[in-house]
Amino acid sequence: MIQSMTGFGKASLQMPNKKITVEIKSLNSKGLDLNVRMPSVFREMELGLRNKIAQKLERGKVDFSLFVEVTGEETSAKINVPIVKAYIKQMREVVDGDETELLKMAVRMPDALKTEREEIDENDWATIDGVITEALENILNFRVSEGISLEKEFLIRIGNILSLMNETVALDGERLQTVKDRLHASIEELKVTVDENRFEQELIFYLEKMDITEEKVRLENHLNYFIETLAGTEANGRKLGFITQEMGREINTMGSKSNHAKMQKLVVQMKDELEKIKEQVLNVL
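In this note's numbering, the protein residues as written are 87 to 371.
To be clear, the hints were calculated from the coordinates, so they are not data collected in a lab.
With a Cα cut of at most 16 Å, we get these calculated EDC-like pairs of lysine to aspartate or glutamate:
| # | residue 1 | residue 2 |
| --- | --- | --- |
| 1 | Lys351 | Asp258 |
| 2 | Lys147 | Asp119 |
| 3 | Lys116 | Glu365 |
| 4 | Lys357 | Glu332 |
Please put together the full structure from these sequences, using the hints given.
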């Protein structure tokens, strides 16, 4: 079953003093284009996180965001008590002010507050990693759901091309007879005598060049191969893209050989259906 590269996954968890939220968005891309946003305290975990995401999502333009919202009384900023006291003492030597006012001025001075570097708690990260796993599962489920919709669309388009191809083949006898009649009429207009055997040989050679049997057989094989690939278990977006290229070659050749208004109209319709398939194949993982 195919998967779409487009998807969204979100997961969150309320811890005793903080709320963890993970959001993952992905769009189509030739490879894996991963952008990671997370608090600086977790940067040392980024390499392992990237590997984890790459193994799960494989391809796509992926935006990963980890948000940590402090909901308790925990804070990394602390008052630098010795510095603040030193400021107050120095200000008292300059002016005899109210204790509260001196404290207000002191805490605004340089180095009055100190930020202690947080260290990663292994238990906290294990919890966060669980939230990341849940978000990845959610985006994978989204991709599978989108893949089911894409598969239905592809099968409709493939069926349309097959139907149009059969209509084209059904017109083949009429087309060849029209060519024969036109050539005979042209010779009669010239009012010349021709060797009928030689004329028939040349006519057969000419009609063989216009024959679309091989293109019909190859196109039908490509359509069946496309359907088989859809049912595969591996990521197959690139393979589907290659198959559509081959389908396009056969349809174009049929159009160049047709030399018949109704057939050319059907070929244009096949091209239109194929273009719609190509547009959506770009979204397939």
